[in-house]
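Enquirer: Use these hints to put chain B onto chain A, whose structure you have.
For the record, the sequence lines run as chains A and B. Residue numbers for the first sequence follow my numbering, so the first one is 156 and each next one is one higher. Residue numbers for the second sequence follow my numbering, so the first one is 2 and each next one is one higher.
Hints are not guaranteed to be accurate.
No more than 20 Å apart at the CA atoms, straight line, and that leaves these computed lysine-lysine pairs for PhoX-like [claimed, not checked]:
#, chain 1, residue 1, chain 2, residue 2
1, A, Lys-159, B, Lys-237
2, B, Lys-241, A, Lys-159
3, B, Lys-260, B, Lys-172
4, B, Lys-285, A, Lys-159
5, B, Lys-287, A, Lys-159
6, B, Lys-327, A, Lys-244
7, A, Lys-310, B, Lys-327
8, A, Lys-159, B, Lys-157
FYI, nobody ran anything at the bench for these hints, they're computed from the structure.
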Amino acid sequence: MENKVDWKKYLIVFFITAGLFLIAGYLSNYFSDKKIAQLENIQDDIAIDILSSEAQFALLQDLSCKTLSGSVFSGELRELGTKIEWGEKNLGLTSDVSYLKKYYSLLQIKDYLLMKKISERCGVQSAFILYFYTTAENCSECEKQSLVLSALRDKYPELRVYSFDFSTELSAVEAMLDIYKIEDTKLPALIIDEELLTGFHPIEELDSIVQKSFKLQEKPIETKTE
Amino acid sequence: MLLFSSLIFYALMFLAVYIQIFFFVTFLENKNKILIRHGKISLNDYPGVTIIVPCWNEEKTILKTVHSLLDLNYPKEKLKILLVDDGSTDATWSVIQKFKNYPNVEIFKKENGGKYTVLNMGIEKITTEFFGCLDADSMVDEEALVRMMDYFAKDKEAMAVTPSIVANNPKNIIQNAQKIEYYISVFAKRMLGFLGAIHVTPGPFTIFKKQVFNKLGPYRHAHNTEDMEIAYRMQKNHYKIEYCNDAYVYTNTPATIKKLYRQRLRWIYGFINNTIDYRDVLLKKKYGNFSMFTVPAGIISVFTVSFIVGKLLVNLVDFIIHKIVKFQTVGLDLSLEVNNFDFYFLNAKPFVFLTVVIYALVIFSVVFGHKMIEGKWKLPIHIISFFMVFSVVAPFWLMAAVYNTLLSEKPAWR
Numbered sequence: 156m157e158n159k160v161d162w163k164k165y166l167i168v169f170f171i172t173a174g175l176f177l178i179a180g181y182l183s184n185y186f187s188d189k190k191i192a193q194l195e196n197i198q199d200d201i202a203i204d205i206l207s208s209e210a211q212f213a214l215l216q217d218l219s220c221k222t223l224s225g226s227v228f229s230g231e232l233r234e235l236g237t238k239i240e241w242g243e244k245n246l247g248l249t250s251d252v253s254y255l256k257k258y259y260s261l262l263q264i265k266d267y268l269l270m271k272k273i274s275e276r277c278g279v280q281s282a283f284i285l286y287f288y289t290t291a292e293n294c295s296e297c298e299k300q301s302l303v304l305s306a307l308r309d310k311y312p313e314l315r316v317y318s319f320d321f322s323t324e325l326s327a328v329e330a331m332l333d334i335y336k337i338e339d340t341k342l343p344a345l346i347i348d349e350e351l352l353t354g355f356h357p358i359e360e361l362d363s364i365v366q367k368s369f370k371l372q373e374k375p376i377e378t379k380t381e
Numbered sequence: 002m003l004l005f006s007s008l009i010f011y012a013l014m015f016l017a018v019y020i021q022i023f024f025f026v027t028f029l030e031n032k033n034k035i036l037i038r039h040g041k042i043s044l045n046d047y048p049g050v051t052i053i054v055p056c057w058n059e060e061k062t063i064l065k066t067v068h069s070l071l072d073l074n075y076p077k078e079k080l081k082i083l084l085v086d087d088g089s090t091d092a093t094w095s096v097i098q099k100f101k102n103y104p105n106v107e108i109f110k111k112e113n114g115g116k117y118t119v120l121n122m123g124i125e126k127i128t129t130e131f132f133g134c135l136d137a138d139s140m141v142d143e144e145a146l147v148r149m150m151d152y153f154a155k156d157k158e159a160m161a162v163t164p165s166i167v168a169n170n171p172k173n174i175i176q177n178a179q180k181i182e183y184y185i186s187v188f189a190k191r192m193l194g195f196l197g198a199i200h201v202t203p204g205p206f207t208i209f210k211k212q213v214f215n216k217l218g219p220y221r222h223a224h225n226t227e228d229m230e231i232a233y234r235m236q237k238n239h240y241k242i243e244y245c246n247d248a249y250v251y252t253n254t255p256a257t258i259k260k261l262y263r264q265r266l267r268w269i270y271g272f273i274n275n276t277i278d279y280r281d282v283l284l285k286k287k288y289g290n291f292s293m294f295t296v297p298a299g300i301i302s303v304f305t306v307s308f309i310v311g312k313l314l315v316n317l318v319d320f321i322i323h324k325i326v327k328f329q330t331v332g333l334d335l336s337l338e339v340n341n342f343d344f345y346f347l348n349a350k351p352f353v354f355l356t357v358v359i360y361a362l363v364i365f366s367v368v369f370g371h372k373m374i375e376g377k378w379k380l381p382i383h384i385i386s387f388f389m390v391f392s393v394v395a396p397f398w399l400m401a402a403v404y405n406t407l408l409s410e411k412p413a414w415r
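Chain B with its partners taken away, still in its complex shape:
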């Protein structure tokens, strides 16, 4: 049993190291192709773009979101903004009235039906060649759209372009931890972009060619992760998804553990269930790196974390039992074992060195993600917050997502 558990552990360890090395090798291959532009650019041709902003109880953030869209460096007559109130129960509807006289803004109200219903309603009204969505908790950088449209201009095969998502104005340790995580995500997405293997076209400001929806059909509910499902569907149909790393979108991140937990539970649950729905694309050469690398890597992460959590729990139970037995046998022992610190007792099993390799590569992705966003080589201090928050809390939402999947319990949006 012990041997079997060790075998599984090292097999998962091998795969975990493999994934990190794969990212790193992809980086070495492509590092000269990472384009970071500064200042304004212009296009020869500005195609029409419609941006839909689904709002559900967003009275606090919606103004900033819409103003960031109005400030985009893009010809006003080519940019249409649809604000859709998805049955808010707060003052969202009255707040967005402010924009009703803007020539390129339209406002709508509908019964609450979930984000994908808003997007589908929007898609039906669209007359432009391009379409995007901006979550009402996010703001776009002035140059974001024009830089993304430049990808479409240069690559006729591109069907969707996703931006770099950056944590907006983090205030506490939970948000700072997420800021670091978004750096990792920027690095990982850039690499997946090079591999043609992006598995999610995020709600904040992915721009699509309208024909994607004409051909593949509308958004689906997709376990509350419609932005992942559409990416899976596009990959399955060999539609190219590009990544524009210098188009910045600032998103408000959950400020409490509870909210973060809910958001991540929804994401991981969505990943697991969309992957189950699309299991037929797994490990098939014709679907490219998406099928051979991205999805398997996600599945391996879920398994690895589940396994390690299980192992830690067993160790914890053993430890507690040992302490209880000790207490019952010889009473309370207050002597600190640290007193006898000796290098002899440091663990030197192979997994320790492999863990160091994994951590080193994760730290590299943070540093490079930071460089891509902030333009400077630096190891951000909040990497400590990241390891603290995510190593403690991430196993919980992951296990909860697995549990919910097994019991078919669907997590709420927030």
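If we strip away everything but chain A, and leave its shape as in the complex, we get:
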């Protein structure tokens, strides 16, 4: 029996397979771009909200504080943060994502400053935590600290946590690092009520600090009706 090998077929199948790989790569890029676009949209919305609150604040200087109860819903900023974090791990478009991350850091700083001004002017109790972590090296303490802060945020809806990647190359972030004298050897770092805490802090400790500093109320249980 003669064993024939049809090389042409092997080659054709190779090209079809390569073609499918190209299509898969193209689809993957297409969806990644869509996701980046979605992030950009959220950021633009948040930017407009912050700008608008700033403008409102400037206009209404000494008028009622009621209308200025909050700039952006912190939920939106948080959602953006989660999506950027996921994007960093999964989208693989590092330049696009790191650009978005810078923008996100800037939005957080603006929101923080505005909220601080509002709380001073209107005498509202502010509840902010500035959180510095790093992704440049493996920081297991940072991962644990993030989990703790997430849990705290769930517990106290009024608590705002602004998180900054130490390795973000942005002058505004670097300025904050300077002001609070944050060093990369002492991460994670937290600023609560102008006080610097370095290293990992467990949830019980932070919970009592947060309660003492800000006199926050726990999130009411939603099913409770009167």
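Expert: Frame of chain A; chain B shown alone:
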């Protein structure tokens, strides 16, 4: 390290897609040549055929097996049946006494020595030009033999013809899953048949020309997969193996995960070790598609599954560690992350789309295999059982076969 792992992953992915596309292109090339006959056919000449039935503790199934042979649409005087009790410890020997007065049946008893010893004993006694074996857990369709013999009549080069094996009367999810797998196998075998690249001549009812054994020697132990080894040996010697897709053989499939696991462990172990024994035929043009496609495709499957299992294990360990850290840091978290479902978080990496391609082609092979056997276009519902059972259990027997090969531990027959 991560980059290296991604590179290997996509290289294996490329090969996996390549294999499926190769099957599909072969299908497109040959789809008009797939012969499916209905009803009885007759031959101009009926050559003598001997069928050996090795029995080892088969008291429950042997009667049906022998009756299916006696009912074959083939002249009785041309068909000889040898029932060989391979040292059974149950009532097999007394059950087969029933056939001792049949003119074309002979019964023998020997000490237990394994299936290949039964076949070799049978081969020595054979006086007919053709010879086949039927495992005692299988039954043949009435028309199977005559349709297979028609291939020999039309193609003088054919040295062996293998039938379509169908799962007999599946009852539970494990057996229904296998039924689907046999459809895939029917499709794949038909394509390999067109390529002249069949790598196994299954125990249930492959018919050989006796001269194969005269020239190539008797069956070997071959890691308990003598039916694979003889096919490798035939391919190495350029003997043509045909596939007769409309000759149906119904085989009893393992009914429990444990039995299925044992059977598959034996098959995969046999594949790996026969391939190692015959490594010199690999990727050599003179051995045709068998050497360029079938065996490499099998090896790639073993590697791909091993790699994916490894990757999944690493991910699983990561996931568990993350959950433990989370539990230690913030306590038990009962909130369901599904609440925040968002299309944004769906994975859109290239491998996702390639996996869809692979699944689509596998599903096509199920549908077409079903069409070849049952005659209807339909997506069988038990494809769900198939994906459930095989995606969960197959990695285990595959890894066990690799492990046993590395440590030279031989799996038992059952």
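Enquirer: If a hint holds in the structure, say so; if it does not, say that too.
Expert: Do the hints match the structure? See the list:
Between Lys-159(A) and Lys-237(B) the CA atoms are separated by roughly 14 Å; this keeps the pair inside 20 Å, and the hint holds. Our distance criterion of 20 Å between C-alpha atoms is met by Lys-241(B) and Lys-159(A), whose separation comes to about 12 Å. Of the supplied pair hints, the one linking Lys-260(B) and Lys-172(B) holds, its CA atoms being roughly 15 Å apart against a limit of 20 Å. Proximity of Lys-285(B) to Lys-159(A) is assessed by CA-CA distance (about 11 Å); at most 20 Å being required, the pair is judged to hold.
Simply put, Lys-287(B) and Lys-159(A) have alpha-carbon atoms about 8 Å apart, close enough for the 20 Å limit, and the pair holds. The suggested pairing of Lys-327(B) with Lys-244(A) holds, with an alpha-carbon distance near 19 Å, which does not exceed 20 Å. Proposed proximity of Lys-310(A) and Lys-327(B) is supported: the alpha carbons are some 16 Å apart, at most 20 Å. Distance restraint check for Lys-159(A) and Lys-157(B): the Cα-Cα separation of roughly 18 Å lies within the 20 Å cut-off, and the hinted pair is therefore satisfied.
Hint check: no violations occur; every hint is consistent with the structure.
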